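Undergrad: As given, the protein sequences belong to chains A and B, one line each in that order. Reminder that position 56 of the first sequence reads as 56 in the working numbering, one-by-one numbering, no gaps. Reminder that position 12 of the second sequence reads as 12 in the working numbering, one-by-one numbering, no gaps.
Think of the hints as simulated: they come from the structure by calculation, not from any bench. These numbers were taken from a predicted model, which means no experiment stands behind them. Be a bit skeptical, because a hint or two may be false.
Calculated cross-link-like contacts (lysine-lysine; reagent style BS3-like; alpha-carbon spacing at most 25 Å) [what the hints assert, rightly or not]:
| no. | chain 1 | residue 1 | chain 2 | residue 2 |
| --- | --- | --- | --- | --- |
| 1 | A | K17 | A | K57 |
| 2 | A | K3 | B | K41 |
| 3 | A | K57 | A | K3 |
| 4 | A | K63 | A | K3 |
| 5 | B | K14 | A | K100 |
| 6 | A | K57 | A | K100 |
| 7 | A | K17 | A | K63 |
| 8 | A | K17 | A | K100 |
| 9 | B | K66 | A | K100 |
| 10 | A | K100 | B | K20 |
| 11 | A | K55 | A | K3 |
| 12 | B | K64 | A | K100 |
| 13 | B | K20 | B | K55 |
| 14 | A | K55 | A | K100 |
| 15 | B | K64 | A | K59 |
| 16 | A | K100 | A | K63 |
| 17 | A | K3 | A | K17 |
| 18 | B | K14 | B | K66 |
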Amino acid sequence: SQKIEQNSEALNIQEGKTATLTCNYTNYSPAYLQWYRQDPGRGPVFLLLIRENEKEKRKERLKVTFDTTLKQSLFHITASQPADSATYLCALEGSYNTDKLIFGTGTRLQVFP
Amino acid sequence: GAVVSQHPSWVICKSGTSVKIECRSLDFQATTMFWYRQFPKQSLMLMATSNEGSKATYEQGVEKDKFLINHASLTLSTLTVTSAHPEDSSFYICSALRGAGALTDTQYFGPGTRLTVL
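Work out the full structure, taking the sequences as your base and the hints as a guide.
TA: This is the structure:
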């Protein structure tokens, strides 16, 4: 069956360090993968999209990699700040050639001073 | 920027009543909107795809007669939870697709509606 896995345990890191979050998927061949941020009691906010033919994408302090052989995406936040504390969700194209998204369960990131 | 609003932000109702949730794209037109449900500490689960001027497409296991979706205009989709029961208590989130039809058009999410059924 299709599955998207993110580390369900919270990731606690010190301010200034690089946070690395993992998204693994099975039985999918997505054309793209997206990362979102979700704060408690709020809707997700789009961060980055990476296509299957892209290995890496950057946006300010964010970097995403996409390895279609390993079926894995890594999400990095460099020089992390307490304001980066949130839950981060990865999402895949849900069905071939559609806009439907299937979300992972998310990883809670806590950046402490 | 692209803003999507939801109303109400929270609602408490008695079991057996119906509740309507509105999703609006404030500064862009959205031919397609999506409705999700999220239980505590779980991921967003896609319930249905709402297309302006046509019937919604529901995901497997979602009762279309219980969750009525109406996408009457390019900026408004509504979700009505009919005959709500306590197990329908959840966080309902909508998203609106902004773009010209490319596969990677961005979904913009609303702030969510917390439904509690007593």
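Undergrad: Hints first: check each against the structure and report whether it holds.
TA: Here is how each hint holds up against the structure:
1. K17/A x K57/A: Holds, at roughly 20 Å.
2. K3/A x K41/B: This hinted pair holds, its Cα atoms lying about 17 Å apart.
3. K57/A x K3/A: holds, 23 Å
4. K63/A x K3/A: holds, 23 Å
5. K14/B x K100/A: Answer violated: K14/B to K100/A is near 32 Å, above 25 Å.
6. K57/A x K100/A: holds, 22 Å
7. K17/A x K63/A: holds, 14 Å
8. K17/A x K100/A: The given pair, whose Cα atoms are some 34 Å apart, is violated under the 25 Å limit.
9. K66/B x K100/A: Given that 25 Å is the threshold and the Cα spacing comes to 21 Å, the pair holds.
10. K100/A x K20/B: holds, 23 Å
11. K55/A x K3/A: holds, 21 Å
12. K64/B x K100/A: holds, 18 Å
13. K20/B x K55/B: holds, 17 Å
14. K55/A x K100/A: Distance of about 22 Å is within 25 Å: holds.
15. K64/B x K59/A: violated, 40 Å
16. K100/A x K63/A: Satisfied, since the Cα-Cα distance of roughly 24 Å is no more than 25 Å.
17. K3/A x K17/A: Outside the cut-off at roughly 30 Å; violated.
18. K14/B x K66/B: holds, 16 Å
When held up to the earlier numbered hints, the structure conflicts with 5, 8, 15 and 17 and fits the remainder.
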